Amino acid sequence: MYKVKVGKQGRIVLPKELREAYDVSTGDEAVIIAKGQELTMHLHKVAKDPVKHLTETSKKISIGLSAEKLKQRADEERIKQFRSIRA
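Note that the numbering used here has the sequence shown beginning at 15, numbered continuously upward.
Warning: the hint list may mix true and false statements.
[As the list claims (entries may be wrong)] Now the in silico label distances, taken between C-beta atoms and shown as ranges:
1. Thr71 to Ile26: 17 to 23 Å
2. Lys62 to Ile93: 20 to 26 Å
3. Ile26 to Arg97: 21 to 27 Å
4. Val65 to Phe96: 21 to 27 Å
5. Lys94 to Lys22: 33 to 39 Å
6. Asp63 to Arg33: 18 to 24 Å
By construction, these hints were calculated from the structure, which means they are not laboratory data.
Computed from a prediction, not measured in an experiment: that's the story for all the values here.
All C-beta atoms, glycine included, are put in the ideal place defined by N, C-alpha and C.
Model the full assembly from the supplied sequences, consistent with the hints where possible.
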(Lines of atoms letter the chains of each structure in order from A and count residues from 1; the text may use other names and numbers.)
(Lines give C-alpha, C1' and ligand atoms only; values in the text may rest on other atoms or scores of the structure.)
Protein backbone atom coordinates (compact mmCIF):
# COMPACT_ATOMS: atom_id res chain seq x y z
CA MET A 1 0.00 0.00 0.00
CA TYR A 2 1.23 3.48 -0.83
CA LYS A 3 0.14 6.77 0.69
CA VAL A 4 0.01 9.75 -1.66
CA LYS A 5 -1.21 13.32 -1.30
CA VAL A 6 -3.62 15.06 -3.60
CA GLY A 7 -2.04 18.19 -5.02
CA LYS A 8 -3.26 21.19 -6.94
CA GLN A 9 -6.03 20.49 -9.43
CA GLY A 10 -6.57 17.05 -7.84
CA ARG A 11 -3.31 15.60 -9.11
CA ILE A 12 -1.60 12.66 -7.47
CA VAL A 13 1.93 11.46 -8.10
CA LEU A 14 2.62 7.75 -8.31
CA PRO A 15 5.66 6.78 -6.23
CA LYS A 16 8.80 6.12 -8.29
CA GLU A 17 8.82 2.49 -7.16
CA LEU A 18 5.37 1.92 -8.70
CA ARG A 19 6.20 3.82 -11.90
CA GLU A 20 9.26 1.65 -12.40
CA ALA A 21 7.56 -1.62 -11.43
CA TYR A 22 4.68 -1.04 -13.85
CA ASP A 23 6.68 0.76 -16.54
CA VAL A 24 4.54 3.89 -16.25
CA SER A 25 5.77 6.84 -18.26
CA THR A 26 4.60 10.27 -19.33
CA GLY A 27 1.56 10.07 -21.58
CA ASP A 28 0.37 6.65 -20.39
CA GLU A 29 -3.34 6.53 -19.69
CA ALA A 30 -5.21 5.08 -16.74
CA VAL A 31 -8.82 4.32 -15.97
CA ILE A 32 -10.10 5.13 -12.49
CA ILE A 33 -13.15 3.25 -11.25
CA ALA A 34 -15.13 4.69 -8.34
CA LYS A 35 -17.04 2.28 -6.13
CA GLY A 36 -18.32 3.62 -2.84
CA GLN A 37 -15.37 5.11 -0.96
CA GLU A 38 -12.85 3.19 -3.07
CA LEU A 39 -10.99 4.35 -6.18
CA THR A 40 -9.23 1.74 -8.29
CA MET A 41 -6.77 2.67 -11.02
CA HIS A 42 -6.10 0.47 -14.04
CA LEU A 43 -3.28 1.27 -16.43
CA HIS A 44 -4.15 1.51 -20.09
CA LYS A 45 -0.82 0.88 -21.75
CA VAL A 46 -0.39 2.08 -25.30
CA ALA A 47 1.82 -0.17 -27.40
CA LYS A 48 5.17 1.48 -28.14
CA ASP A 49 5.17 -0.26 -31.52
CA PRO A 50 1.49 -0.57 -32.55
CA VAL A 51 2.24 -2.48 -35.76
CA LYS A 52 4.25 -5.11 -33.90
CA HIS A 53 1.55 -5.34 -31.23
CA LEU A 54 -1.20 -5.84 -33.82
CA THR A 55 0.88 -8.44 -35.66
CA GLU A 56 1.47 -10.42 -32.46
CA THR A 57 -2.18 -10.11 -31.45
CA SER A 58 -3.46 -11.22 -34.84
CA LYS A 59 -1.32 -14.37 -34.64
CA LYS A 60 -3.34 -15.38 -31.58
CA ILE A 61 -6.64 -15.28 -33.47
CA SER A 62 -7.62 -18.31 -35.51
CA ILE A 63 -10.03 -17.82 -38.41
CA GLY A 64 -11.95 -21.00 -37.54
CA LEU A 65 -13.03 -19.78 -34.09
CA SER A 66 -16.63 -18.84 -33.43
CA ALA A 67 -17.52 -15.33 -32.30
CA GLU A 68 -18.36 -16.71 -28.85
CA LYS A 69 -14.95 -18.40 -28.55
CA LEU A 70 -13.20 -15.19 -29.67
CA LYS A 71 -15.15 -13.23 -27.03
CA GLN A 72 -14.19 -15.80 -24.39
CA ARG A 73 -10.51 -15.53 -25.30
CA ALA A 74 -10.67 -11.72 -25.24
CA ASP A 75 -12.29 -11.86 -21.79
CA GLU A 76 -9.58 -14.24 -20.57
CA GLU A 77 -6.88 -11.90 -21.89
CA ARG A 78 -8.45 -8.90 -20.11
CA ILE A 79 -8.61 -10.89 -16.86
CA LYS A 80 -4.95 -11.87 -17.26
CA GLN A 81 -3.96 -8.22 -17.84
CA PHE A 82 -6.07 -7.07 -14.88
CA ARG A 83 -4.42 -9.64 -12.59
CA SER A 84 -0.94 -8.61 -13.74
CA ILE A 85 -1.78 -4.99 -12.88
CA ARG A 86 -3.02 -5.93 -9.42
CA ALA A 87 -0.06 -8.22 -8.67
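Among all the numbered hints in the text so far, which are the ones the structure does not match?
As far as the earlier hints go, only 1 is violated by this structure.
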